[in-house]
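Chains as they are written, first to last, in the numbering used here: chain A, 677 to 1300; chain B, 15 to 377.
Bear in mind the hints are in silico, worked out from the structure with no lab data behind them. Glycine included, C-beta positions come from ideal geometry on N, C-alpha and C. There is no bait here: all hints are sound.
Output of the computed footprint for chain A on chain B, the stretches with three or more beta carbons under 8 Å from beta carbons of chain A:
#, region
1, 181-190
2, 291-298
Computed far set for chain A versus chain B, every beta-carbon distance over 10 Å:
#, residue
3, Glu905
4, Gly1056
5, His1206
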Amino acid sequence: MNIRQRIRHSQSSPIKDQALESRRFTERAAVAFALVAVALMLLAARYVYLQVLSHEEFATRSTNNRVRVVPVPPNRGLIYDRRGRPIAENRPAYRLEVVPEKAGELGPLLERLGAIIALPEDVQERFERNRPRYRVFDSVPLKFNLSEAEVARFAVDRHRFDGVDVVPYLARHYPQGELLTHVLGYVGRLDVDDLGRVDEGNYRGTTHIGKTGIERYYESALHGSSGLEKVETNSQGRTLQVLERSSPVHGDDLVLSIDLEVQRAAWDALGERAGAVVAIDPNDGAVLAMVSKPAYDPNLFVHGISTADYRAILSARGRPLFNRTLLGGYEPGSTLKPFVGLAGLELGVISDGDEVFSGGEFYLPNVSRPYRDWKRGGHGSVNIYEALEQSVNTFFYQLALDLGIDRMHDYLAMFGFGAPTGIDLLGENAGVLPSRAWKRGQFGQPWYPGETVIAGIGQGFNVTTPVQLANALVVLANGGTRFEPRLLYAVKHPGNTRADRIESPVAQQVPVADPAHWDTIREGMRRVVHGRKGTARAIRPDDGTEIAGKSGTAQVVAQDRDEDMDEDTAEHLRHHALFIAYAPFERPSIVVATVVEHGGGGSAEAAPVTRAVLDAWLYQERLP
Amino acid sequence: MRRWLPGWLHWPQLDVPLLAGLLLLMGCGLLVLYSASGADADVVNRQAVRLAVGLAAMLVLSQVPPHILKIWTPWLFTLGLALLLATWFVGTGRATNRWLDLGLVRFQPSEIMKLAVPMMVAWYLHPRRLPPDLITVLIATFILVIPAVLIARQPDLGTALLVGVSGFFALFLAGLRWRLMFALAGLAVALLPALWYAMHDYQRQRVLTFLDPESDPLGTGWNIIQSKIAVGSGGLFGKGWLHGTQSRLEFIPERHTDFILAVLSEEFGLAGVLVLFAIYLFITGRGLYIASNARSTYARLLAGSLSLTFFVYVLVNAGMVSGLLPVVGVPLPLISYGGTSIVTLLAGFGILMSIHGHRTFIR
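Isolated chain A (complex conformation) (with noise of 0.2 Å):
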């Protein structure tokens, strides 16, 4: 049949053979009902191969789902002064997070969130930058240490921001501000940067790390150990309820050898000058004290710092961010006479009773330069005591010429001058104890003699820190102990009530050729406070309690003696005051090293600033 026909044929034949369609239709029935049997079985097929065959993975992934791992992390450790104030502790406060896979794009986001909370400028930045280190549905933190006001606005609008949430955390606190920064450092945000020299997988909960200080020398001991919690969640990652949970080990909280006391001390009396001082317990090599000025607020820091602010520290006078104490390299001047003095008895250079005229200059052979002392026309024939008592520089130039550059050196490292001192921060400077090698290898030059008698009154070459010189007065004081000076006094772990004290550990036990010696390097520096024609003679106790010290003079630009520095000279150009000292004479419990910036005369402005620090440790140490 052709279409035509068809056509014709199916609208010209109404009569239709029912029984055939209706066998026909049966027919085409079975056939649907097998299909749909058939497609059934498929589908079953597809049922068993999800539910039986692949049940275990995907068991697991339901599991997977529904539980996550929650890093609890640990409470850092406190930080108390020796006597038990505490100089770092944790406050309650609350910060803003936002889990990026529920709160869709940031952009917008921050703009909202902006408008009621003011957030810090590099927020988006920093979070692209620390996106790496969060897991999926993990909270990424935004800001910190939010207002009162802020949680309170935020409260009202949190309807607005799915995913974004106020969360309380402790946050880090230093309630003696600037006083102790250059000891303590800070904590600050934790960036993907810092990761390096940790575990990460026990710091996933942690927002902040010991960036400098004792915060960063002792991050593994405060930080502890990280917790975790097993937790069922629905689709949004709310937490409905915890499964399980290891809890988190706190850090260890620790004793710092730091005295308060001393500590404000020291920072009253520099005042406002720029300078340092060490304080460290001659018989334990704790340090009592250790003051930068000028310093800054760690608080600022903590939270992050905005650029204002760091801008301003930056650009303040006296460079803030610079620890002196450990970092500020300074000529020794006549500070080093003791040691050098000490170096001439012990190697049997010079004995006791041996006299040098001092003329007021003296002169190497066959150079015309003179090298002065500081008094004019000199003063006279002096021994030891009388060259410490009263700074005679001609009496150190000849002995440093008898003794030789590489003697002295020698002798003195012994002392720690020009390497660190090991003490419990990072960075230190290692200062310059100048040798013959030593210059040979720096600048490729041979040694002059003229170099030697300079070194012999601490100039030159010389460099050392405020720590160094502490440290090396600390050996002097107690007979030949040299410690690794140590701020941490005492550790206090977790669930333990007593605290465990951490001993300085022994650099070096300088050998003693005859303790004579050493008393009478010490009875010369006694005499400068207590001599009738003592340097320091000003700052002598009146209760009778005996100190022996020693001034100095850091040569900021080489002058001559006869333009003695006045009112007049400009300020940065002043010589920086140096002294250091140590008390009771008897039985010393503290040494101090004392640098004022730009003070002029160690005597008169080093060692009364010296003098306010041993008296606020010794009136300390008679109170019960």
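Assemble the complex: chain A is given as a structure, and chain B must be docked to it using the hints.
The following block gives chain B in isolation, referenced to the frame of chain A:
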């Protein structure tokens, strides 16, 4: 009673096995719905009310003899078509034009078409000589394609599919020649690329996601992945009623509507799935049996088409939930929460009941 009432309005002659199967299904559905809604009795109550309305519709339709339905058929189809066109202009609904707001009632005209299209195709075919020749097939195809295209443009791919398929089943049962059928199938495949261009972006996205769900596990792939996890983690016997973590913790999307089978699979395992399949198979089989026993061509084609379409719901939904088919909005019949489809489905079963009940009264 029979004497005072018109002949066709005697007391319901309901098919007991079919009714039993449906009631069993509804019972299971309410049970699963209770769990899927997070033990929300309100949701279950509302669904029960809907089921009751649907059953009432079924009861009413079961009393309308097929020859009356046959008379109404062209008018119903025309009305449905008109309403579909109306939605084109005044439809309401979230981003789609599916709904028509008639003051008190909002409903989807496409639901009418689920019944009207197979009725119309059966109506068109019944006086003709079967198996249908080419022209008849083309005209019948035209009848089913027009509403399907209109519905697809709403856009509601799932319903369009169901509507088109229901018309096709009528043709198939009418004895459509295999050669023609393959030709049509070939044509359909050839038109697939055209369909791709006609699709909305979200529909294309669904297809792409179906092909590779892991490409966007938090976005569009989420549904498929979470559904498969729910099904797979159910295992042989499931996690127990009300103990499905995937559903209770809201990982399964649309868990009380389109994805309710995932909840059932998770809580009752393969055993529950197979029991459900068995009930569906029974209902489909019973429907085809009723169709085979019908005395008129119109009734046969209509009954057979409705039964097979009912099964297509199951096939598409179960395929979607298990990740075999792309996500299209087809509910699991009589189990998924939702109004119109339940009423339409039960109305369809009302027609089946009527065909069964009137098999001996047909001219």
